[in-house]
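Following the hints, put chain B in place on chain A, whose structure we already have.
There are 2 protein chains.
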Amino acid sequence: MTDKHQQRMAAKKAVMDAKIAKATEERGILILMKGNGKGKSSSAFGTMARSLGHGKRCAVVQFLKGREETGELKFFRDHPMVDWHVMGDGFTWETQNKEQDIATAQKAWETARPYLSNPAYDLLIFDEMSYMFKYHYLDVEPVVEALQQRPKHQNVIITGRTMATPLQEIADTISSVEDERHAFRLGVKAQAGIEF
Amino acid sequence: MTDKHQQRMAAKKAVMDAKIAKATEERGILILMKGNGKGKSSSAFGTMARSLGHGKRCAVVQFLKGREETGELKFFRDHPMVDWHVMGDGFTWETQNKEQDIATAQKAWETARPYLSNPAYDLLIFDEMSYMFKYHYLDVEPVVEALQQRPKHQNVIITGRTMATPLQEIADTISSVEDERHAFRLGVKAQAGIEF
Numbered sequence: 001m002t003d004k005h006q007q008r009m010a011a012k013k014a015v016m017d018a019k020i021a022k023a024t025e026e027r028g029i030l031i032l033m034k035g036n037g038k039g040k041s042s043s044a045f046g047t048m049a050r051s052l053g054h055g056k057r058c059a060v061v062q063f064l065k066g067r068e069e070t071g072e073l074k075f076f077r078d079h080p081m082v083d084w085h086v087m088g089d090g091f092t093w094e095t096q097n098k099e100q101d102i103a104t105a106q107k108a109w110e111t112a113r114p115y116l117s118n119p120a121y122d123l124l125i126f127d128e129m130s131y132m133f134k135y136h137y138l139d140v141e142p143v144v145e146a147l148q149q150r151p152k153h154q155n156v157i158i159t160g161r162t163m164a165t166p167l168q169e170i171a172d173t174i175s176s177v178e179d180e181r182h183a184f185r186l187g188v189k190a191q192a193g194i195e196f
Numbered sequence: 001m002t003d004k005h006q007q008r009m010a011a012k013k014a015v016m017d018a019k020i021a022k023a024t025e026e027r028g029i030l031i032l033m034k035g036n037g038k039g040k041s042s043s044a045f046g047t048m049a050r051s052l053g054h055g056k057r058c059a060v061v062q063f064l065k066g067r068e069e070t071g072e073l074k075f076f077r078d079h080p081m082v083d084w085h086v087m088g089d090g091f092t093w094e095t096q097n098k099e100q101d102i103a104t105a106q107k108a109w110e111t112a113r114p115y116l117s118n119p120a121y122d123l124l125i126f127d128e129m130s131y132m133f134k135y136h137y138l139d140v141e142p143v144v145e146a147l148q149q150r151p152k153h154q155n156v157i158i159t160g161r162t163m164a165t166p167l168q169e170i171a172d173t174i175s176s177v178e179d180e181r182h183a184f185r186l187g188v189k190a191q192a193g194i195e196f
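Chains as they are written, first to last, in full-length UniProt numbering: chain A, 1 to 196; chain B, 1 to 196.
Don't read these hints as lab results, they were simulated from the structure. Glycine residues also receive a C-beta, built at the ideal position from the N, C-alpha and C atoms. Do not rely on the hints blindly, as some may be mistaken.
[Stated by the list, open to error] Here are the computed distance ranges between Cβ atoms for each label pair: (1) Ala120(B) / Ala23(A): 40 to 46 Å; (2) Glu145(B) / Gln149(A): 39 to 45 Å; (3) Ala21(A) / Ile20(B): 47 to 53 Å; (4) Glu180(A) / Lys19(B): 14 to 20 Å; (5) Arg27(B) / Ala21(A): 45 to 51 Å.
[As the list claims (entries may be wrong)] Listed next, the in silico DSSO-like pairs over lysine-lysine satisfying Cα-Cα at most 30 Å (straight line): (6) Lys107(B) / Lys4(A); (7) Lys98(B) / Lys22(A); (8) Lys189(B) / Lys22(A); (9) Lys56(A) / Lys19(A); (10) Lys4(A) / Lys98(B); (11) Lys65(A) / Lys98(A); (12) Lys74(A) / Lys22(B); (13) Lys12(B) / Lys22(B); (14) Lys189(B) / Lys56(A); (15) Lys189(A) / Lys56(B); (16) Lys107(B) / Lys74(A).
[Stated by the list, open to error] Chain A residues, not near chain B, derived (Cβ > 12 Å throughout): (17) Gln106; (18) Lys107; (19) Asn118; (20) Pro119; (21) Leu138; (22) Glu141.
This is chain A alone, in the form it adopts within the complex (with noise of 0.2 Å):
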């Protein structure tokens, strides 16, 4: 019983080391974190403590303001090795001003873009970013432009519900998060530290 476990587990192994030989190239990608699922932006905020772990420095950009004082910016903030801007003044539906969501978009991605040309910054989270898009706040191409001239090592994660095509052609990774089940639709308020 237990030889046949270890044998089995002998050829897995073989297996994956076959697979990481393989994987030998060494630059920075594009991870695109996108579906309706909870779990998005958290995972960039996550991979970014990672990141931080191993010393590299980080720039987050939020293209969406939900409200004032996330947990998030409370923690990271006064990071040494962390840039936070929250731009935006919220939901579409919040302000009802096209004009005005125009214009704070155009000023995020002015923010963020100097970013993609700083070879000093190792990992850029643009937070909710894919919105800008969706609602044609901000065109892609010039977005696409910046990410494909970057420094070779930079890591760039985007999140938001629905990713521009354009951006998707270029994504190294890219995971989907789907809503099985969500605790809000059970009745369950927003609570600090899960939600914001």
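Same frame as chain A, but now just chain B:
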């Protein structure tokens, strides 16, 4: 044009506000992060950063240990509000020893269990725990029972590819992270700050 936009957004806001008004229950939730895509554990750690930003006390038990020094371990382990336990001897195909894996799983559960009766902890993360059930290293029933009896305000996040059905039955939020693309398959080597 602008008026139409304003009207549409005002209607959307009314729908959102009504939904928010209906979610009034205040309690901790059980979140499952499952699926084969990248971002499950990092989502849990991002949520932990969010909780820490609000001054919440957290504990992490990692049921599988892949590498010696992950970025998340380095980043969080010295935080005064975090307990961090790395259990496990690596993946099953690394140990190739079923008895050892079972003993390690049991020890990890004995480490995790007391937190579920300790109201001082607001957020618990049982990282990669789902493998323990998949490989029959742990029974799921005692885990379900302990989860159901935990302090009312306590949030728990369990991560792992496949989730045991009894856990899905009692979960409040389930996100399934689907792998649409992964840099690893494009030949990009796993890198510090992104994969570990």
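Each hint, compared with the structure:
| no. | hint | result |
| --- | --- | --- |
| 1 | Ala120(B) / Ala23(A): 40 to 46 Å | holds (43 Å) |
| 2 | Glu145(B) / Gln149(A): 39 to 45 Å | violated (55 Å) |
| 3 | Ala21(A) / Ile20(B): 47 to 53 Å | holds (51 Å) |
| 4 | Glu180(A) / Lys19(B): 14 to 20 Å | holds (18 Å) |
| 5 | Arg27(B) / Ala21(A): 45 to 51 Å | holds (48 Å) |
| 6 | Lys107(B) / Lys4(A) | holds (24 Å) |
| 7 | Lys98(B) / Lys22(A) | holds (28 Å) |
| 8 | Lys189(B) / Lys22(A) | holds (8 Å) |
| 9 | Lys56(A) / Lys19(A) | holds (27 Å) |
| 10 | Lys4(A) / Lys98(B) | holds (10 Å) |
| 11 | Lys65(A) / Lys98(A) | holds (15 Å) |
| 12 | Lys74(A) / Lys22(B) | holds (28 Å) |
| 13 | Lys12(B) / Lys22(B) | holds (16 Å) |
| 14 | Lys189(B) / Lys56(A) | holds (17 Å) |
| 15 | Lys189(A) / Lys56(B) | holds (17 Å) |
| 16 | Lys107(B) / Lys74(A) | violated (35 Å) |
| 17 | Gln106 | holds (17 Å) |
| 18 | Lys107 | holds (19 Å) |
| 19 | Asn118 | holds (17 Å) |
| 20 | Pro119 | holds (15 Å) |
| 21 | Leu138 | holds (17 Å) |
| 22 | Glu141 | holds (21 Å) |
When each numbered hint is compared with the structure, violations occur for hints 2 and 16.
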